[in-house]
Every structure is written in C-alpha cells, then in structure tokens.
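Asks: Each chain, written out:
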Amino acid sequence: MTTVEERLQALENKVALLEAREAIRQLIASYGPMVDTTDTDEQSDMVATLWIEGGKYDVDQYGLHDGREKIAESFHGFHYQLVRDGVGHVMGTPYIRIEGNRATALAYSTVFRAEGDRFVVWRVAANEWNLVCVDGTWMVELRTNRLLNGSDQVKAVFGKIHGLRAKADTL
Amino acid sequence: MTTVEERLQALENKVALLEAREAIRQLIASYGPMVDTTDTDEQSDMVATLWIEGGKYDVDQYGLHDGREKIAESFHGFHYQLVRDGVGHVMGTPYIRIEGNRATALAYSTVFRAEGDRFVVWRVAANEWNLVCVDGTWMVELRTNRLLNGSDQVKAVFGKIHGLRAKADTL
Amino acid sequence: MTTVEERLQALENKVALLEAREAIRQLIASYGPMVDTTDTDEQSDMVATLWIEGGKYDVDQYGLHDGREKIAESFHGFHYQLVRDGVGHVMGTPYIRIEGNRATALAYSTVFRAEGDRFVVWRVAANEWNLVCVDGTWMVELRTNRLLNGSDQVKAVFGKIHGLRAKADTL
Numbered sequence: 005m006t007t008v009e010e011r012l013q014a015l016e017n018k019v020a021l022l023e024a025r026e027a028i029r030q031l032i033a034s035y036g037p038m039v040d041t042t043d044t045d046e047q048s049d050m051v052a053t054l055w056i057e058g059g060k061y062d063v064d065q066y067g068l069h070d071g072r073e074k075i076a077e078s079f080h081g082f083h084y085q086l087v088r089d090g091v092g093h094v095m096g097t098p099y100i101r102i103e104g105n106r107a108t109a110l111a112y113s114t115v116f117r118a119e120g121d122r123f124v125v126w127r128v129a130a131n132e133w134n135l136v137c138v139d140g141t142w143m144v145e146l147r148t149n150r151l152l153n154g155s156d157q158v159k160a161v162f163g164k165i166h167g168l169r170a171k172a173d174t175l
Numbered sequence: 005m006t007t008v009e010e011r012l013q014a015l016e017n018k019v020a021l022l023e024a025r026e027a028i029r030q031l032i033a034s035y036g037p038m039v040d041t042t043d044t045d046e047q048s049d050m051v052a053t054l055w056i057e058g059g060k061y062d063v064d065q066y067g068l069h070d071g072r073e074k075i076a077e078s079f080h081g082f083h084y085q086l087v088r089d090g091v092g093h094v095m096g097t098p099y100i101r102i103e104g105n106r107a108t109a110l111a112y113s114t115v116f117r118a119e120g121d122r123f124v125v126w127r128v129a130a131n132e133w134n135l136v137c138v139d140g141t142w143m144v145e146l147r148t149n150r151l152l153n154g155s156d157q158v159k160a161v162f163g164k165i166h167g168l169r170a171k172a173d174t175l
Numbered sequence: 005m006t007t008v009e010e011r012l013q014a015l016e017n018k019v020a021l022l023e024a025r026e027a028i029r030q031l032i033a034s035y036g037p038m039v040d041t042t043d044t045d046e047q048s049d050m051v052a053t054l055w056i057e058g059g060k061y062d063v064d065q066y067g068l069h070d071g072r073e074k075i076a077e078s079f080h081g082f083h084y085q086l087v088r089d090g091v092g093h094v095m096g097t098p099y100i101r102i103e104g105n106r107a108t109a110l111a112y113s114t115v116f117r118a119e120g121d122r123f124v125v126w127r128v129a130a131n132e133w134n135l136v137c138v139d140g141t142w143m144v145e146l147r148t149n150r151l152l153n154g155s156d157q158v159k160a161v162f163g164k165i166h167g168l169r170a171k172a173d174t175l
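Residue numbers (the working numbering), protein chains in the order written: chain P, 5 to 175; chain R, 5 to 175; chain A, 5 to 175.
Chain P on its own, in the form it takes in the complex (with noise of 0.2 Å):
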C-alpha cells in the first residue's frame, strides 16, 4: 500500500524531472533568437553567458574556443555579417537524457542564410550539448557540432543515441 508520504515523493521527483527537461529545451531554444541579433561585442558577451565561464564550444571547421572570452570572441566580425546579411540559426528539437545535475542532449542544427529573393542552406550538423545545473540554472559547459557532410566525426556526436537510450532519467 503506497502512502500519502510516498505519493508525494514520486510525484515531486517526476516533476522536478519534467521541469528539468522544459529548461533544457529552453536553453537550446534560446540559441537561435539569441545569435542571429548579435552583431555587437556586448551581445556577443551575452550569448556565452548561455555557457559555464569554464564551457566549450567545439565547431566544425571553426575550431575549439574555451571559455566564454573565447566563445564570445568567436561571434565577432564573420558572424556580424551574417547577421547583417540575414542568417537564421534554426536548432532542432533535442533528445534528452538527465542524470543528476548534468544532461545530455542531442539536437540537429540547421543554418539558412539570405540570397537573392531565397535563403541557401549553409549548415546542417549534429549537435551534442553536454549540460550542467548550476544553482538550479541549466548551462552549457561543451556543445560540440559537426556537419553532417559525411564525415566519420558525426558518429561520434550523433552515435550516443543507442547510449543515452538505454538510460532513464535521474535526478
């Protein structure tokens, strides 16, 4: 016989796990509005906040930049352009795995950029983001993306499916 107690518990575990996920998918949602009205330092600064001050950000063909300054930086002059020329950074609807104060989700990335009376699709990649809870805030400490041109690379990324699957969420 389950208890009021004991009712209580598991509905208030499922729910802090049903929150978690709603912010997960809200910090990854966040992305795209956010980057594609950065054409200034200042919001450059603003979009690494989305990471921890110690996170990653590892892009296909663009490098490895560590640390915010460093992810802050990557956005300046090149992604101003951008930006300017019209681009639309449309993140996919990611799958989720919680363990504890740290998260696993895997999303597509797709980048559409202006030309002519058309937009071009520029990019199309595998994303993993490794994420972390801060003070009950979820931040990104390692998003790692890769084109999906038929590189082995994508495997890596994209391959973790079958892992995370065979897990269940934890608080």
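In case anyone wonders, no lab produced these hints; they're calculated from the structure. One thing to keep in mind: the hints can contain errors.
Claimed, not checked - Heads up, simulated BS3-like pairs for lysine-lysine below, C-alpha to C-alpha not over 25 Å straight-line: (1) R:K18 - A:K171; (2) A:K60 - A:K74; (3) R:K171 - R:K159; (4) A:K171 - A:K18; (5) P:K171 - P:K74; (6) P:K18 - A:K18; (7) P:K60 - P:K74; (8) P:K18 - P:K171; (9) R:K60 - R:K74; (10) P:K18 - R:K18; (11) A:K159 - A:K18; (12) R:K171 - P:K18; (13) P:K159 - P:K171; (14) R:K60 - R:K164; (15) R:K18 - A:K18; (16) R:K18 - R:K171; (17) A:K159 - P:K171; (18) A:K171 - A:K159.
Starting from the structure of chain P, add chains R and A where the hints point.
Replies: Same frame as chain P, now just chains R and A:
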C-alpha cells in the same frame, strides 16, 4: 516543515505550468498541418480560429491582417496555389514564457516549396506569438513574422529573448 | 470539497500524460540521430526496433515496408551511401494526441543532403506516427510519410489535425 497541503498546492501549480507549455507547443505545432492542407475558404476559416476573434497576423511582405475574417482572407487564392504546388510550413521549437493567462513564444518558421525533384527554401522567419488563454484554450492574439533577411525588424522580434530569459513562468 | 486522495489522483493522471508526451517526443527525436549514423545492417536492425515487431513504415516513393525485417532492409545499400555522402533527417516538433496506450503524432520531416559546400533540401514530408505503448515503452506501429509536393495524399495525413484538435488526451 512543509505540509501536505503546501506540497499539493506546489505540485498543482507546477503541473498547471507544464500543461500550459504543452498546450502552447500544440497550438504552434498545429499551424503547419492546418495551412499546408488549406485550399478552400472553409479551411481558411478554420485556420483563423487559432486566433481570438479580434486577433492579428502581421506577416513580413504581406502586411497586417486584423481580425479573424481578414486572417482567413489572407489565405484565399495565392496560398491555395502554394498548397497545390507543394509547400511545407515548418514551425520550430518555441521558446515560451507564461505570465498568467498570457504567454509569449519566440520561434522560427521555415517555408519550403516543391521545385522539380527538390525543395527550395522560400522563407525563413523570426516569429513572435502573443498568446492568451480563453476559457482553458490557448489562442493567438498576435503573430508577428519577420524574414531573417538582415532587416532591423528581426531585432524587434527575436531581440525580446533577453527580456523573456530574465523572467520566470507565473500562473 | 476535493480530498487529498482526489488531488493526488488528479496529479498522478496529469503527470502520467505529461510523461507520455515526453516519451513520444523522445521516440521521434531519436529517429534522426539513429538513421544518420546507420551504414551497416546491424545498425539498420537497431533502427527497426523503434517499431513493434509487426510495425509498418509507409514511405512516399519507396513503398510500404511491413514488419521489422522489411523496415531494416529498406535502409540497406542506398541509405548507407546517403550517410557516407552526408545526410540529415530532421524531424519536426510533433503535434501529439494520446488515447490510453495509443497515440498519434503529426510532424514534418526534412531531409537535407550535403552538396559541395552547401546542403540541398531533398525531401520535405508530412508524417503520421501511429504509436503504441508496450510494457511502458512507446513504439511505432505505423509511420506514414507523404512528400509535400502538392499530392492529395498529404491531406490524408495532415488533414487529421482537425480531428485530433477536437479531442483531449486520455489515459
């Protein structure tokens, strides 16, 4: 010491917010399947019921449609040909912020059109959905759509992400 | 006056539906990362386990694959070359309706292929996922895929949105 009453109340509030987020995702996710099968005036009227009676749809390059009747009319003719030629209105994962019976969602929309044996990317846009919950049903009060073509208008929409991130959902 | 027992029961029902919606999103979100790293028969077998043993995959232009073995075989050969050349199967945010241990999800799928230093949009399709929960795990019974190329077949899939919107989720 937290009482059973307090724990139940906290759970009920959290679950209500989670349900509201689901309902808002459903509302936005229903838009594409509806418009991509709309090639009659009766179906246009159905699409318009996603908005409140006095709702507005402000679409980049097509103007502001004020009220359900004008929104329905905006699909007459040209849109029907799009559907018959092949079109996909893909709404992205929304960033959602709830404030009582009102909510704001920021999301990408990408419109693909069939061309030969491929598809072209016709429109990639920033969208702000201003929503209101009427008698338990979330509806659109105003949808603002701005092409990601480098225009400063994008910042008025997606630039709101910073203000939304600074708030928490509230019942 | 609502009792503690009634409030607990209501919460448990609501949380069960929220968890089912998450599980269905995860199922659909896992498809892309799996197929975009599948270039061996063993991996094809893994993809097929997303379906029940007697499940079906009805893919526009490629026909109806009946049962896990046929579904796995449908990836042999041609699909492996797609992966080696670079391909992204981006599944969209699903519209979900749950009815006990069965559910229907409507979602876009967009398939991008690497071509030179860009990507082309190869397929944009309407998808209906008919799902069943077996021993606590949501699986695919039938996935129907129809290209958004102006064919009347699209209406048989995405036209279901009206009927689904008229219902509520049920346990």
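Asks: Tell me the numbers of any earlier hints that the structure contravenes, in ascending order.
Replies: Violated hints (numbers, rising): 5, 11 and 17; every other hint is consistent with the structure.
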